[in-house]
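Enquirer: What follows is the residue order along each chain.
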Amino acid sequence: MGEFKINQYTKSGELFQRAVKVIPGGVYGHLGPSEGCAIPISAYPIFADRAQGAYFWDVDGNRFVDYMCAYGPNILGYNDPDVDAAAAAQLKRGNCTTVPGDVLVPFAELLVDTVEMADWAFFAKNGGDVTSFAVMIARQATQRKKILMLKGSYHGVAPWTQKYGYGGIIYEDVCNNLYCKFNDIEDFKRVVEENKGEIACFITTPYHHPIFEDNALPNENWYKEVRKICDENGIVLIFDDIRCGFRLDVKGSDYHYGVKADLECFCKALANGYNVSALCGIQALKGYATDVYYTGSYWMSAEPFAAGIACIKKMREMEIHKALKAKGEKLQSGLKEVAASNGFDLIISGEPAMWFMRLNNDYTTMVHQEWVAECVKRGVFFTSHHNHFINAALSDEDIQFTLDVADEAYKAVRKNRPDFH
Amino acid sequence: MDNVTKAKINLFAVLRNFQELCSMDEVAHNLIKDVKLTVRFVVPEVGSATLAFANGQCKFFTGKKFAGLTLWFVSPEHFNSLIDGEKTIPIFINVFKVGFLLNTFTKLAERLSYYLKPTEELLADEKYFRINTYLTAYTAFFALCEIGNSEFKGRCNASRIPEGEILLTVNDGPSMVIAVDKNHRLSAKIGTTDNPRACMTFGSLQTANDVLSGKSDIFSNLGSGNFAIKGCLPMLDNMSKILSQVGFYLK
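Protein chains in written order, with the numbering used here: chain A, 1 to 421; chain B, 1 to 251.
One chain only, chain A, in its complex shape (with noise of 0.2 Å):
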């Protein structure tokens, strides 16, 4: 018997049973147990009851320390008191009303007097939806069709953004990309010189965070090329800060690898888990906005507003990326530790408040999936597919938790693997 409890999940199993006769899939996307990796589907929780801080209860009751954060929208701590009264106070006010509520404006001049390339602001809900939008800006301005784009790079679920294949997808969906690879500046400018005068944009995340594979940092000089080779060919530059805005800095993560963007996209951490996201850009690029008709049914509404000013004037008065980056460092080189006491080479990548992690020599990835298994199944909620998110309410307390879940799964992992290495 280990330390800890091994959690079940009887009424998540009950629930899904209920689910997947009304609801395809019963969970679909990436919060469900297919698409978020589920394996084996024993060792985790499918439905949430409540959460606070760093952590969630799933509906058997179970805690976990969450390292996923709502895959990212939870960068305070779940339930945060200043986010959520803000929120309350705005939805008294007013919502969804007929003309924008007044907050509309201040939350824009607040984004942009933070976000050190903006000089304007437009907001939407779901990060695809400004990631779309960034493009037909980009395409507006340049009066050109081709998107260039990362090899494995992930801007949303716009049919653009997807590939030949895919369900739903159709050749001409996708017809005018482009890919390159991270950080390979030649083959940058092979794609550019072999599409002279074609390309509108080139969209990128600020690092690469693939799923499946090692996270990379930008090389020296990678951001540097790459803004001058877009202005002497015209070519848009669109950061996509959909996953990394404000984790790495609240500037921008474009501030944080010392470029600007032209386009700035954000969404999941703007509001601590309130529905909003936005989109800023540069002066230039300001009439092509009003050019594109973009608008949805809840854009305009009020609440996310006012959580997304207190979520901000929040992490820029605490430095949040500092803390986090911080609890970052620790909670790695603790887990690189209690992997090599056990005798396992846990490989870490990409920046410490969302870090990737997998085990080296597992060709199969099969070793790292029963870890993390091990560790949701006692209360530690890790992903053995993407990488993780820190948050401000996680404790040193809940990383020594964690750590010591940790060493307690590799454990039971070696148990039934005694001659891996």
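Hints in this document: simulated from the structure, not taken from any laboratory. No experiment lies behind these values; they were computed from the predicted model shown. Beta carbons are placed, not taken as given, at the ideal position from N, Cα and C, and that holds for glycine. One should not assume that every hint holds.
Just some of the chain B residues that point at chain A, by a computed CB distance under 10 Å [what the hints assert, rightly or not]:
no., residue
1, K153
2, R160
3, S220
4, L233
Mind docking chain B on chain A? Use the hints.
Expert: Same frame as chain A, but now just chain B:
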């Protein structure tokens, strides 16, 4: 849907089932127990395959092989019409073997069709259900390889499958291996492997039958614990995208 891919599926995935059919089904076995003949099918743009009947068994081979009876088809569409059950006469020389074609082969084809076109009533029979599930699984996964190697959309998906072997298992049922080479060419075999890079396991024959016949989906079964995956998930994710194309060809 392109006719060349469909013909490849018919030749290398559907016709292949004669081998398993004759070993699993008593009626089929009795039809061939005294037959000693090798029949080769030659389809332009597709290739050739051979069924060898001897000693009460049927063996399937791909590629060139000496045959007592060779059936030539003028086009992929010509061959597809034969498999679709339309009245189709292939070109052949050995008129002494025409009896096999008109009699035994036709009856075998009808028997295969009987198992691959189930009704709810037939599926209620345990023996039928088992044979139907085996043959459906074999057809689906051999067909998947043909789509991944031949069709444009299929090749796009196959190009994203990392190199290695995928083990497909049905608990208390068949198992197969899909091998992906460095050029993303797919090949299937019935059996197992000691070194799978990814595994896909159907919890029961019922789950396999339900998923492969489109009565239920992989996502629901995964969340319900009736279906499991592990290992290199990009292999399974991209293979599943090809698997979802199979149904359009086998309708």
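Enquirer: Return the numbers of the hints above that this structure violates; sort them in rising order.
Expert: none
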